[in-house]
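Q: Residue numbers (the numbering used here), protein chains in the order written: chain A, 7 to 162; chain B, 39 to 327.
There may be inaccurate statements among the hints.
As the list claims (entries may be wrong) - DMTMM-like, lysine to aspartate or glutamate: derived pairs with alpha carbons at most 20 angstroms apart:
1) A:LYS159 <-> A:GLU128
2) B:LYS139 <-> A:ASP40
3) A:LYS29 <-> B:GLU242
4) A:LYS159 <-> A:GLU103
5) B:LYS103 <-> A:GLU124
6) A:LYS87 <-> A:GLU76
7) A:LYS29 <-> B:GLU122
8) A:LYS123 <-> A:ASP161
9) A:LYS29 <-> B:GLU118
10) A:LYS37 <-> B:GLU135
11) A:LYS45 <-> B:GLU135
12) A:LYS37 <-> B:GLU122
Said to hold, decoys possible - With the C-beta cut set under 7 angstroms, the calculated list includes, among others, these residues of chain A facing chain B:
13) GLN16
14) GLU41
15) ALA138
These are computed hints drawn from the structure, not numbers from a lab.
Quick caveat, the model's predicted, so the values are computed rather than measured.
Just so you know, even glycine gets a beta-carbon here, dropped at the ideal spot from N, CA and C.
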Amino acid sequence: MNLNATLFAQLVVFFILAWFTMKFVWPPIMKALDERATKIAEGLAAAERGRQSLDLASKHSAETLREGKEKVAEVIAQAEKRALQIIEDAKLQAKSEADKVVAGAKAEIEQEAARVKESLRERVAELAVAGAEKILRREVDVKAHADMLAAIKQDL
Amino acid sequence: MATGHEGAANAPNAGEYVVHHLTQLNTTGHAQTSIVDFSVINLDTIVFSILMGVLGLFIMLRVAKNVTSGVPGRGQAALEILIEMVANQARSIVHSEQSRKFVAPLALTVFVWVFLMNSMDFLPVDLLPRIWQAATGNPHAYLRVVPTADLNGTLGMSVGVLLLCFWYNIKIKGLGGWIHELFTAPFGNHPLLYLPNFLMQMIEFLAKTVSHGMRLFGNMYAGELLFMLIALMGAAYGASAGLTGPLLWLGHVIAGTGWALFHIFIVVLQAFIFMMLTLVYIGQAHEGH
């Protein structure tokens, strides 16, 4: 409880310790605290920026998707139209081809029929002449009646 | 004696035990006789306070050397919590960025230092004195291990704060401005009030400084005294007959544990109060009346 010079010694120690803390302990830790605060602030800002760009990107991708869908729908519609067109064209072409074939066949048939008719006519004329010859073997001279026979043949 | 080594013949009585424990180891080699004697220095207070100061600074310096602004380790996180606490208190009390560059580290130093010096109370009251007595070979050697239970230690610090108050008063207000304030505040600027104002200011400074040092001293002195009384209770173990001895021993254990636990609270609280008052007084020096 007695006062003595310890008081002054303690006073000096007090200032030395405080000076030491001010010089070597306080500044580095405060600096670290401030730096960390800055880092956290930057991190938060970066996160905010990231969130915004994510929003932007998702909006952009939705837009692109929508455009793509529209384009696909358009292409499909066009393709359907084109397919119908092709089918229609093919039908028309097939019909005209078929008509052509049919017409050709008809003409051929007619030709054939005419040819057959001609040969039949000749054959009938021959048969008629042959029959007539047999009937008229004796009195009919082929040479004498050749004109007549030709005339008959013409009538057939 | 808690350790009970001394024989019954030369065992000190309770009064002698307490007085012996409350006597400083000083440069004279015997107890100081006069109340005030500036030719004497208490060696134990000086040694233990410097030891505690160096220990505290060493721990903080080690953390500060390896400090990182990234993910902090546990030591760094603990010190950061402490520093943030002190920095926030300093910011709210001392409204000068420039002054805080010194005042905030000062407050941290005060808190850590006072806390460590107070913590010397947790050591068993007889441990270090016994070791000292064995080391010196003198069974009556004095040693007090709690620097804050020495009035010189606490008043030394509070006088330091007083000097800082003077310094900041002059720095902020100018020497003329401060002297003007000494004579015109708190009662008002009137020639008749110059003397009462000045006397009031002197009383304020004196009261602040004395109460600042005395508060810490009183708390730690009382705490130390109580530990001694508890130790005395345990020391009476061997001298008491029948059931009283074991009961005294049990009382020592229970009371010692209880008081030590409560003292943890006092140690921290008093360190905090000393720091806060340091900040408040320096803060007041920044503000005009």
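Q: Evaluate each hint against the coordinates.
A: These are the hints, each one checked on the structure:
no.: 1; hint: A:LYS159 <-> A:GLU128; verdict: holds (7 angstroms)
no.: 2; hint: B:LYS139 <-> A:ASP40; verdict: holds (15 angstroms)
no.: 3; hint: A:LYS29 <-> B:GLU242; verdict: violated (32 angstroms)
no.: 4; hint: A:LYS159 <-> A:GLU103; verdict: violated (41 angstroms)
no.: 5; hint: B:LYS103 <-> A:GLU124; verdict: violated (129 angstroms)
no.: 6; hint: A:LYS87 <-> A:GLU76; verdict: holds (16 angstroms)
no.: 7; hint: A:LYS29 <-> B:GLU122; verdict: holds (17 angstroms)
no.: 8; hint: A:LYS123 <-> A:ASP161; verdict: holds (13 angstroms)
no.: 9; hint: A:LYS29 <-> B:GLU118; verdict: holds (17 angstroms)
no.: 10; hint: A:LYS37 <-> B:GLU135; verdict: holds (15 angstroms)
no.: 11; hint: A:LYS45 <-> B:GLU135; verdict: violated (23 angstroms)
no.: 12; hint: A:LYS37 <-> B:GLU122; verdict: holds (12 angstroms)
no.: 13; hint: GLN16; verdict: holds (3 angstroms)
no.: 14; hint: GLU41; verdict: holds (3 angstroms)
no.: 15; hint: ALA138; verdict: violated (134 angstroms)
The earlier numbered hints that this structure contradicts are 3, 4, 5, 11, 15.
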